[in-house]
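Please put together the full structure from these sequences, using the hints given.
First residue of the sequence shown? That's 1 in full-length UniProt numbering, and the numbers climb one at a time after it.
Everything labelled a hint here was simulated from the structure, so no lab data went into it. Just so we're clear, the structure is a prediction, and the values are computed from it rather than from any experiment. Backbone N, C-alpha and C fix where the C-beta goes; we use that ideal spot for every residue, glycine too. Be a bit skeptical, because a hint or two may be false.
Heads up, simulated DSSO-like pairs for lysine-lysine below, C-alpha to C-alpha not over 27 Å straight-line [unchecked claim]:
id, residue 1, residue 2
1, K45, K33
2, K179, K356
3, K33, K94
4, K94, K362
5, K94, K120
6, K356, K120
7, K71, K94
8, K362, K120
9, K184, K199
10, K179, K33
Label-pair restraints from in silico Cβ distances [to be verified]:
id, residue 1, residue 2, range
11, E378, D336, 17 to 27 Å
12, P32, T367, 35 to 45 Å
13, T367, S169, 12 to 22 Å
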Amino acid sequence: YPSINEVLRRGPPYAQVIPPPHGGYWAQGFHPKSTHVTADPTNLKPTQTAISCRLQRDEVTTAYRDHFVGKEHVNMYGYDYNNENNGSIIMSVKYENCLDGSELGQHRVVLRCRNASWTKCFPITPESGGPIQWAKSLCDDITVDRFYPIVCSNVWQSLVQFDEHSVNSSHKFGVLYQKRRQTKEEEVFGNCDESPAFKEFLDFLGDNVDLQGFGGFRGGLDVNHGHTGQTSIHSHFLDQEIMFHISTKLPYVEGDRQQLQRKRHIGNDIVAIVFQDEETPFVPNMITSHFLHAYIVIQPIDPGTDNCRYKVSVTCREDVPEFEPLVPEPAVFAKDHQFRDWLYCKLMNAEWACCKSEQFAKLQYRTRSMLLDQLHEEVNKGTEMMLGLATQSGGDNISTSSASSDTQKDATSGFYETFKVTVREIA
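Given below as structure tokens:
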């Protein structure tokens, strides 16, 4: 790919985003290969297509809360001694009727290992097997040969906390302001004034809040001593709370070429907006950061008028999967609530997708492994205490546990006896 200097020498029209010379990023919207880059901006009309704004989540994250909590079910634990990537294992199983009216019903299963969680419904048939077979069906390299019952009280709360430990209801995103012909990180972080178009966008983006004494989600900003500026932009979307780190509102330090006070916040965000005053391409690797993996680049058309609209591009590191909502062609939006909802949703889903990248996946694996090992140890000790055992011994290979419920009530033994008989019959 050509360098940014070569692109600028060739003259306009410019793409909003250009990849670094050696690649490493993908882009959507007004990128170099887009046929809309050469279009006259005055002729670009906002999209009329209704775009669904849905927050992306892994189905298994809330499966236990949605289908198990408050209902009779079984929790078990085991350990894969032959595969440390699996290691500690906790399974939840619930019998339920099939939607198709099948008389035998099905078992809904959630399987948790160090490297991942899975959920699936297994119809009760002579071939469906039991917990060992279900585990191997969900994770083909699992080698656990026995499950033990979890009978400690209130384990459901710990399982919900573990399953949802990566789910956030609050988010922080950076906002960078790129002026005409700014191509270096120091130039972007050094901007202090805000153009009318940028101010208009910030007013559109959310509420301007005083940080002093602010009681909502602060996103790491100082709300007591004013060390991170006086105001910022804050908003809500669905049941989520958002704080933006605005580069021009963070403290500017004379003589600091890198503006580390500003970069300390935005450089530790995962996703950032880049607002472009005019046509100067943004190159994603111009910002040096281990954390920033995705950018949503926004450029106004006819700002300050009733016909204000925005050109939008998205660029991410190459190991970040694509995410919703879709980027229309051409990626032009009217300045209205539909675009704001699209933008909020795109930011949050970008954050979710970035966590699938190699760097964050490794961090998540370490965190997940630690939490699951702790939970595994807790349920093992709790079960031993409940059963009055010093060590785990005896029992069936297909073991069951007491069901957790939001009433924190022990289920009757009849369900578990029925479950054990059912599993034995089909094993």
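Exercise. Quick one: which hint numbers does this structure break? Sort them smallest to largest.
Key: Hints 2, 3, 4, 11 are the ones this structure does not satisfy, whereas the remaining hints hold.
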